[in-house]
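Heads up: the sequence lines are chains F and G, in that order.
Quick note: the first sequence, position 65, residue 65 per the numbering used here, numbers continuous.
Quick note: the second sequence, position 60, residue 60 per the numbering used here, numbers continuous.
Wrong hints could be hidden among the right ones.
[To be verified] Quick look at which bits of chain G chain F covers, simulated, 3 or more residues with Cβ under 8 Å:
(1) 6-19
(2) 75-83
[What the hints assert, rightly or not] Distance condition first, Cα-Cα at most 30 Å in a straight line; then the derived DSSO-like pairs of lysine-lysine:
(3) F/K57 to G/K79
(4) G/K59 to G/K42
(5) G/K57 to G/K69
(6) G/K59 to F/K57
It is worth saying that the hints were derived from the structure and are not from the lab.
Only a predicted model underlies this, so the values are computations on that prediction, with no experimental measurement involved.
Glycine included, each C-beta is placed from N, C-alpha and C at the ideal position.
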Amino acid sequence: KAGVTQTPRYLIKTRGQQVTLSCSPISGHRSVSWYQQTPGQGLQFLFEYFSETQRNKGNFPGRFSGRQFSNSRSEMNVSTLELGDSALYLCASSLGVGNGYTFGSGTRLTVV
Amino acid sequence: EDQVTQSPEALRLQEGESSSLNCSYTVSGLRGLFWYRQDPGKGPEFLFTLYSAGEEKEKERLKATLTKKESFLHITAPKPEDSATYLCAVQEGQGAQKLVFGQGTRLTINP
Numbered sequence: 001k002a003g004v005t006q007t008p009r010y011l012i013k014t015r016g017q018q019v020t021l022s023c024s025p026i027s028g029h030r031s032v033s034w035y036q037q038t039p040g041q042g043l044q045f046l047f048e049y050f051s052e053t054q055r056n057k058g059n060f061p062g063r064f065s066g067r068q069f070s071n072s073r074s075e076m077n078v079s080t081l082e083l084g085d086s087a088l089y090l091c092a093s094s095l096g097v098g099n100g101y102t103f104g105s106g107t108r109l110t111v112v
Numbered sequence: 001e002d003q004v005t006q007s008p009e010a011l012r013l014q015e016g017e018s019s020s021l022n023c024s025y026t027v028s029g030l031r032g033l034f035w036y037r038q039d040p041g042k043g044p045e046f047l048f049t050l051y052s053a054g055e056e057k058e059k060e061r062l063k064a065t066l067t068k069k070e071s072f073l074h075i076t077a078p079k080p081e082d083s084a085t086y087l088c089a090v091q092e093g094q095g096a097q098k099l100v101f102g103q104g105t106r107l108t109i110n111p
């Protein structure tokens, strides 16, 4: 059974640019969540999608956005990149409420 | 606001030396407490979910327990391959698929 797939694995961008990260959940999982992990702040919730609808959003600026497609694949976008956006971005999928979360290996974003 | 505090931040043990990691939490309406293991450069790997006080779960050398205010991850006779960062997270509220994570405990097992 394939796990959660995130692409790309590594990304280097310049300040001011924008970036799109992709996540393919486990087959049958309709909930996709995104997290940002940094050494200082740890893992922080960005947003969660279920059946193409954003159900929850974390405390991040509007530069961070996401969407989910009808096949449950999800993308997140960060516009006007700042140095502080450098982090490991993790995607997790779940069958839904009451079920566990499976994480992908993440996308390592470096902003220079 | 939900809070999760893990202790210690880092722990070094000799192979075979048992110990426990702590996770204290404050949440309005716990729906689940999760333990994950994370190796460098990888995403968190699911270990356990606990739902109610008194619940215990085991997997190989790991045993997780839950009270109303904290959870413990007991490691019995650890091996070097158990070295990793162990993360605790809580899920709160009805229908909220949001996990609040602690900062993790970095565990090193020396051979």
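Hints versus structure:
Check on the segment 6-19 of chain G: 0 of its residues sit with their Cβ under 8 Å from a Cβ of chain F, so the three-residue criterion for coverage is violated. With 0 residues carrying a beta carbon less than 8 Å from a beta carbon of chain F, the segment 75-83 of chain G misses the three-residue requirement, and the given coverage is violated. Note on F/K57 and G/K79: the hinted pairing is violated, with a Cα-Cα distance of about 39 Å set against a maximum of 30 Å. Of the supplied pair hints, the one linking G/K59 and G/K42 holds, its CA atoms being roughly 21 Å apart against a limit of 30 Å.
Between G/K57 and G/K69 the alpha-carbon distance is near 17 Å, which keeps this suggested pair within the 30 Å criterion. Only pairs whose Cα atoms come within 30 Å are accepted, and G/K59 paired with F/K57 is rejected, the gap being roughly 33 Å.
Hints 1, 2, 3, 6, counting from the list given before, are not met by this structure.
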